[in-house]
Structure formats: C-alpha cells, structure tokens
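Letter by letter, the chains look like this.
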Amino acid sequence: MRKCTAANLDKLFAAIAENAALYLPVDDEKGTAQYKKWAEGTVMSNALNTAKSPKDFFFPQSEDLMKFKTQGKTIELTDIRDEKEDFVVFGVRACDVRSFDILDRVFLVDPRDSYYASRREKGVIVSLACSKPTETCFCSAFGIDATNPAGDVTAWKTEEGFFFKANTEKGEKLMASLEGLTEECTEEAVEAQKAKTAAILEKLPLADLDTDKFGGGKTAELFNDPAWAELSRSCLGCGTCTFVCPTCQCYDIKDFNTGREVIRYRCWDSCMYSEFTRMAHGNNRNSQLERFRQRFMHKLVYYPENNEGIFGCVGCGRCLAKCPISMNIVKVMKTVGGKKDE
Amino acid sequence: MQVNEKKPLIVAFCCNWCSYAGADLAGNNRLAYPADVKIIRVPCSCRVNPMFILRAFQRGADGVIICGCHPGDCHYTSGNYFTRRRMAMLFSMLDYLGIEKERTRVEWVSAAEGAKFAATMNDFAEKVAALGENKRLEDLRCKR
Amino acid sequence: MSENREALIPHIGVITDVRIDTPDIKTFRVVTPDGKKAFDHRPGQCAMLSIPGVGEAMFSITSSPTNTEFMEFSIKKCGCVTEWLHQAEAGQQITIRGPYGNPFPVDDVFAGKNLLFVAGGVGLAPLRSVINYCRHYRDRYGKIDIVYGSRSKDDLLDYKEIIEEWTRDENVNVYLTIDREQEGWDGHVGFVPNYVKELNFDTDKVAVLCGPPIMIKFTLEGLKSLGFDKTQVYTTLELRMKCGVGKCGRCNVGAKYVCKDGPVFRCDELDELPSEY
Amino acid sequence: MQKITREVLIEKAASLLNEGVVSAVYGWKKGEFVYDVTPALFTTTEELEKEFVWGDFCGANFSKYLVASTRKIEGKILVFLKPCDTYSFNQLLTEHRFDREKVYAVGIPCEGMADVSKVKAAAGEGIIAIESTEEGLAVTTLYNDAPVVVPYAEALAERCINCKSKKHVAYDELIGEEGDVLESGRFDQVAELEAMTPDERFAFWQNELSKCIRCNACRDVCPACTCEKCVFNNPVSGAETKAPMGTFEEKMFHIIRAFHVAGRCTDCGECSRVCPQDIPLHLLNRKFIKDINTHYGEYQAGAEVGSRAPLVNYTTEDVEPCDVFERGDKNA
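Chains as they are written, first to last, in my numbering: chain A, 1 to 342; chain B, 343 to 486; chain C, 487 to 763; chain D, 764 to 1095.
Isolated chain A, as found in the complex (with noise of 0.2 Å):
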C-alpha cells in the first residue's frame, strides 16, 4: 500500500495528467458534483457521488459509428470512430466500479462491441473506497463492499491523505509512474476507516433490502404479479432513471443526414420510452405497465439469469434520487413477489 499526502494531492494529479487525460469529480457552480477534465486548480469534490455515472466514458450518451457517402447508387463508408486518448477516471466509487463488470457483460462478450472494447482498453479507473455513505445506497444488497471497491487501482481517503493499492497490472503500472510521489505505508489507518465505514453501513436505511426474491429463473413468479400495476401507474415514461444509471445499456443506432452525408451514430435508449419496441407492424410492449416491469425484470430477472446470478443494479442509488414520481428499483424489491411471503 502507498500513500500520498494532502499537500502531495496536487502533484500527484499532474503527474498522471501528464501521460493521461485525468478525469475526477468536481463541483460545478450549484454543487452537483460530475466528472471533469483534471487541469491545473481542479479541486476533487467531497460528494459522495456524481449526478451522472462513469458509464459515459466507455458507453458515452451518443456516439459516431461511421459515415456513408451515396452517390447515384453507390455506397461508401468511413468507420469514424474517435480514437480516444488514454485516460484515468479518478475517485469512481465501488458501485460504479461494479457497473463496469455488468456492462462487460454485454458489450465483451461475442460479437465484441469494438467501440466500447477500445473505450475499456485505454482507459484505468483508480476506484475510491466509501467513508460516508448515505440513505440512498444499497450496494450491500448486491454483495459489494463499499470500503474496498475494485478498479485497477483502489484508493482510500482519510484525513492524512489518499492510500493507494493496486489491483491490476494497468494499476501496477499508473503507481509505478506515481512512485516518486507516493511512499509505502501500513494498512492500519484504511483498515481503521473500513472498520468505520462498516459500521455506519450496517445502519443504513436500506441494509436490509432483500434480493433473495429475484434472480435467475423467476420469470415465471414474477411476470404476472399484480403489484406491477400499481408500482407503474404513476410512472412518467421518461427516461431519468436509465439515463443516469450506471448499469443501463439499451442503445439506438440512428442516421443523421448531413446534407453532405450520413452520419451512423449510436446513443443510448430507455426501454421507459413509447417508441423503444415499435415497429412496422405494431408494438410488444404497448402500456407502460409493460415498459416498466420489462426495466425491473431485466435488471432483477433476465440478466441474472443470462450472467450467473449478477445482478444488474449496484444499489448507487442514483434513481432514488432522480426519479420525478420516487419510484424506484427499492420500492419494487420490496412490492413485487412481496405477497407470497404473507
């Protein structure tokens, strides 16, 4: 384990801005914290977490696939990838780190999306353990430990200054370049936050939320369960909880005519939306009923399913804070199936 000190914090950012593009937290002018370009003066924000989740980094909101040029009848086409520089994304918390590994899911496995495979290669992501968590999380609930978050490198913060462990060897290799900087230290002082955190996780609101209804194979159970008509009738139809969730990865692939040509790009889609599931020839999930549970059950059912058991929410808590009606992924754990306990 390293450690840097507080008054070593600056140095150290420009130390990895010099070979990496450096992204960290950062309050804009009302206090929301959201990721931003690291530059000289940046300071780090205190919040617990970003408004918007890490995701956009390697599955960014929208995106150039490529461009075709038509002529008469004639086609041609340009991959117009960006070719992105390598980079850091400093201070992602345990929760997020996990939505890494879900998306993995999805996107690495064959066909490999190409796009988001380049995204994941050149990017290494120094994760930031939990010391205060709030009402709001519940990544318990999904068996990740917020005082010791994966991520190539792992990182705890207390008053004396950050502490850095290396997970991988991109991590190995972003500390080595940081050696000058840092100094080997015990693990007491992390081990005594974890210890602290721990206790205050315990007492969260929502340490007890219970998973155990959901997973792999419960299609059957929960499909028709009456409670979905209730929990999704006030449900707006918009698309605030996927977007600013870390786990959410539907995606449209659209055409845009410049004029001159035309641009194939991909940006994200919300199955909450009317048009998601329509085509020619009508619509499979016509009411918002089906629109709803078809984002619970995906997220509680089909990808545990399709993933060993994975859930695909990480309890960061985001649409609990957002949703315009409150309604939200902890509400429908706790309603659906609920009436077979009684």
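It is worth saying that the hints were derived from the structure and are not from the lab. Take the hints with a grain of salt, since some may be wrong.
Derived list of chain A stretches under chain C, where covered just means 3 residues or more per stretch with a C-beta under 8 Å from a C-beta of chain C [claimed, not checked]:
no., region
1, 106-114
2, 176-185
3, 230-244
4, 265-275
We put the beta carbon where it would ideally sit given N, CA and C, even for glycine.
Place chains B, C and D on chain A using the hints.
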C-alpha cells in the same frame, strides 16, 4: 494568406400570395439581391413552424427571414397576425438565449413590392454578413 | 464464425435483381460489390439490411445456404426501410451485416425426419431457406409436406418456384390455399389452420410454422388436435431490433433475445417465456 | 409547515369513498424516506390510512394524470389540488383534455413545498428522519447526533419562494381558507438575464443546456404537454432525437418544448423540479410569460376555464417582431 470570405447563407420563407410574388417581381425587374438568399415558398407565413427556423440554422443558415403579406392583407384573413405573435415570441426567446437578434427577421412584402423585397434582402444579408458565421445555433455535424 | 467479428459495421451489398412477387412483396438478390456472397449463413438466420439515412432493419435470408452465389430477401412493404427498398432498382447499393440468430436445427433434430412446413403470406420467406436446404440434401430427410396459404393467389410468394420446382420434386407435397374464392383459382380455398386440420397429417414429423401471429396460434391448436406435441413444432419470431447482437436491449422476451437466442424457437420453449411477443 | 394535517385529508377522502361519491383518490404515497413521496391512486380507506401522506414534500401535481385516468377509471376521481395545481387543472379543462364531470376536486391550502436538495445542502447527507416543527424541518442524519433544524425559508423550493398565487381557481370543495393571488418576484431572474449582454446570456444558457441528458422528464411531467404523440417521439417527424448530439439538439429541444407550451404554461414549476440535472427550465417558460404579459396584456394561463391562449389569438395592433427587442436589452 487567403481570408475565408464565406458569404452568409440566408433562408427566406416567403408566403405564396404576396412575398413570393414580390420576389418574382424583383427578379422580373432585374433588381439584384444576394444569390445566397434561398427562398422557400410557404402557403402562408403562418405555415412557418419554429422548428423550420431552427432547422434552417442547424443546416447552415446564417440568417432566417420570414416574409408575409402586410398585416390585414393575408390571403387567409388572419394568418400573418398569428405569424407576428409567434415570431415575436420566438425571436425574443432566441435573443434571450444569446443568439444574435440580427439573424432573424420578419418583413411584410406585398406582391407589388419587388423593390422592397430586394432592398430587404440586401439589407438583411449585409447585417448578417457583419455578424459572420452562425456559431450559436450551429450543428457541427452539418459543417464541413 | 470469424474471429473478432465487428458487431455494428456492415458490408456494402449490391442489389443485383429485383423480382416482383406479389403486389406488396419483392424479392431482392444481394451480393458484395465484387459479386460474391456477403457471408455464409444457416437456414433460418437473418441479416440486417440498411439504407443510409433511412434506417436499418432485420430480414430473414430467404435463399438457401446451399446457394453459394448470392443471398435473397423477400420483403413486404410495410415501413420506412421496406418502402424505400421497394423503390430500389438493380445496381443499388445497400449495407448488409449478419448472419444473426440461431438457425433451424436442420442437421440434428430435423435429420432423418419427415418435415411439415406451414406458412402464411410473407411467412414463407424464412421457411424458403430451410425448404430449399432440405430439398438440396434430399436424402437426409424423410417426406416433406408444405402447406402454404395467403389472402389471394396474387399474394402467393415464390409461386413460380413452388410450381416449377417444389411440386415436381419426389416425395415433396405442396398444399396451397387462399383465403377467399377467386377467379382462375381451382385449388383449395380456406384458412391455413383449417386446411392443416383437414389434411390430417400424421404426427411422425417435425412441424415448422411461420406466418401472422394469429395463424401461428390457430395452426398450433390445430396441430395439437392432430396429436402433435409442442416439442415437435418450431417457429420463428420477429421483434424490433437495432443491433442484432443481443446488446441494444430491445428484442428480448424474458431473458431471451430474439436476435441472439432466436429467432427460431421450439414451441415449448416459447411457453416458458412471458407472453410479450 | 403545512397548516392542514394528513388526517383531515384522509377523513375527507375516506368519507367521499364511503359515500360512493368517488371511486378513487389521487394522493401522495409514503416512500422509503420522508421526502420520496409518489403520486398514487387510492381506492380503499385502509390504503389511505396506511400509506397516504401530506407534508412538506408533496410537490407532485396530479392534474396531468387526470387525462389518462379519467378515461380508464369508472366513477369519479377525487383529486387534491394545491393552489398552483388548480391552474394546470383549469388549463387542461380549457383544452378539453379530460371530462370535468369525472373529477371531484378538493382544494387544499399549501404553505410551500420543500426542496430536498436544499435540505441536504443545509443538514447534510444521510437523512433518516425529517420532522416538521414550528421552527422548521428538524433533520436527523446518519452523521448528526442531534437533529439539525432547517428553517422553512431555507428549505423552500424555488417555485414556492416565488409562489404566484395561494388562490384556488378550481375546486368542488375547499379545505381551509381561500388565499390570494400574490405579487411575486418570479420574473426577477428573467429580468436579470435580459439585462446581461447577449454573450453573457449565451454563456449562461450554453452552460445550463449542455447539462441536458434528454431524459424528457420535463416534457413528460408537464401538465401542458399532453399531445397524444409528441413530435420528439415521432420517427417520421425528423425531430425524433434521443440524445444531445453536439449543442444544437438540446437547444432545439428546449426552445421547442418551451415554445409549444408558451401561453399555455401556468408556471407550475414541475419541469424544474424534476430535472435530474437541475437546469432552471422555468426561466425559459417565464420568459415567454413575461413577454406575453408585456406585449399582449397580462395573461395567466389557467386562471379561468375557456380563456383564449395568447398565441392562438391576435389583435391588429400587435407589436412587430423587430420591436420586441426594444425593451430591457440596453447592452446589445
């Protein structure tokens, strides 16, 4: 060094009954106005949806002008009165968003006012040219 | 499957021939610009065709894999992409990517069996590839029965091929039907599900269905009444797709993605899925 | 702190349900925490007693839900309306979006709603309990031993600080006393922006609108946005864009959204409340309202049923578009 002297591209929505005929008259009388004014004929100036105007800017217009019959002379009695309100509100909003107000204009041009049409276009093109390229409502994908 | 297949970037394809099948269905022959087949496929698989600026859509490959020269797509005019395609002429380039989805189990489950194909309307398109595959390797399969129906005789797809090739094959029986009486038609008149029941097939076969959902529903009931088990019946589904590779999240029925785990499903497998298709 | 209690509302709802006057009740349903209340439909007294809440976080406006639910539900629906909600209610009636006969509207007084982000800013993260006291909201968090009291004035949502009216403009029955239309400073911030230079204004909006993630929550929650099919959902409109591509699309979306509700927007403030990126969308709507008031005479959408919205109206003496710029904008 060659200075890029890109001429401003102007989209003019002209109502079929007055302004388009006015443009025609300007042409018949050989009154010059910039070739970069692209006229789009609409049945009435009130056919112009705010989206049309924004789309024009997106696709590379540097200025958008709407021409209709003089108030009171609308072929459909009241179309241009609605245009007047809508465009007043829309242009005020664009101004509020910091988009140069000289890039948008509404002008009433009758079928007999060929000279006014040409003069209006010349004046508008000049004002827009002074502002330079439209940067604030541009869509980079549509730029070269 | 080739290694490191690029998921979203298509090949350029050229439409070399457009055949007018019915008033709203045309069959397009597609090759690469250098005149080859764009990729190999198995019977029942699909491909994404697109016209830049119009859109991309999934179509079943109607030509048999045994055709090594080109691919064919029978396309009914019903949306933006298909409407555009219907206006296309020979020589037009489009984009094509695939193959997607699971094929029919022609080499294991179907091998040595008697086969019954039931299709309605443009539903013949995905079946034509299997039928021709089985006809090509005739000795691998038992008797083949084909029941095909459409609204009218003008709406029968591949009519020429059916009459000139299929009906002349040994041990292949073709039963055609149309919904309503029509001048110049002396064949069977009536809906496909009823015809299947009337024909009273033996249950010693594997059945493959494709057509409008309502036809599939009633044909399945008909087959059940004849004594067929759901494990003997296969069908192919269609839902909205964007990526074709199980990532865009739109064509799933329960935990299954039609583009990846389908489009071919055995009917008892479908029963386990939620009724959302 | 709200003047009426939850019990009063439950009693009213229960008696109307039991008398058979209404078959369902729109109300706020208790969440996991104090502040995350969800709009819900209650059909039994038991449900009401168990889950109905009324307090400082019941901001959701039910008016728009009536459009769909009055078509689906048999019998009358009881809806509780805060003063600002009644304007949306009237506006929807003006546009014939639902059948008035199917609704039983109960006006309830409102002392203003709290904004949870302001509460969090004042009391810290990790809220486990909030109590409404005389002094303000007493907030208990995971990290405070004793509750922190946040005065109401500090916790109030922006739209409530600038409350335009405590008067109910529509109801079948009113609980509590009738309030008055208020003089508010709701256009002050619009005026501040108008007084800036175009460059400053551009920078302000560029910064705000670039945060947009196109979740469409502002549109979907808006009681004035009730088109059966929105142009931004219609693939053949050419405007169906799902992601902010560059900077144009987000401007386009927000200009069109605001323009489409211009003259019909009652300034209920739901758009800004729901925005996950905290974009001050109400400043776009208020600009239109302010302009309309200035040029076409004072107009409050929803103040009365049947009034003609200013943008579907005209006079022969209207101001010319070029003259609209003549006010305020001294720097340009």
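Here is how each hint holds up against the structure:
1. 106-114: holds (count 8)
2. 176-185: Check failed, 0 qualifying residues.
3. 230-244: This one is violated; 0 residues, fewer than the three required, reach chain C with a Cβ under 8 Å.
4. 265-275: Satisfied; 3 residues make the cut.
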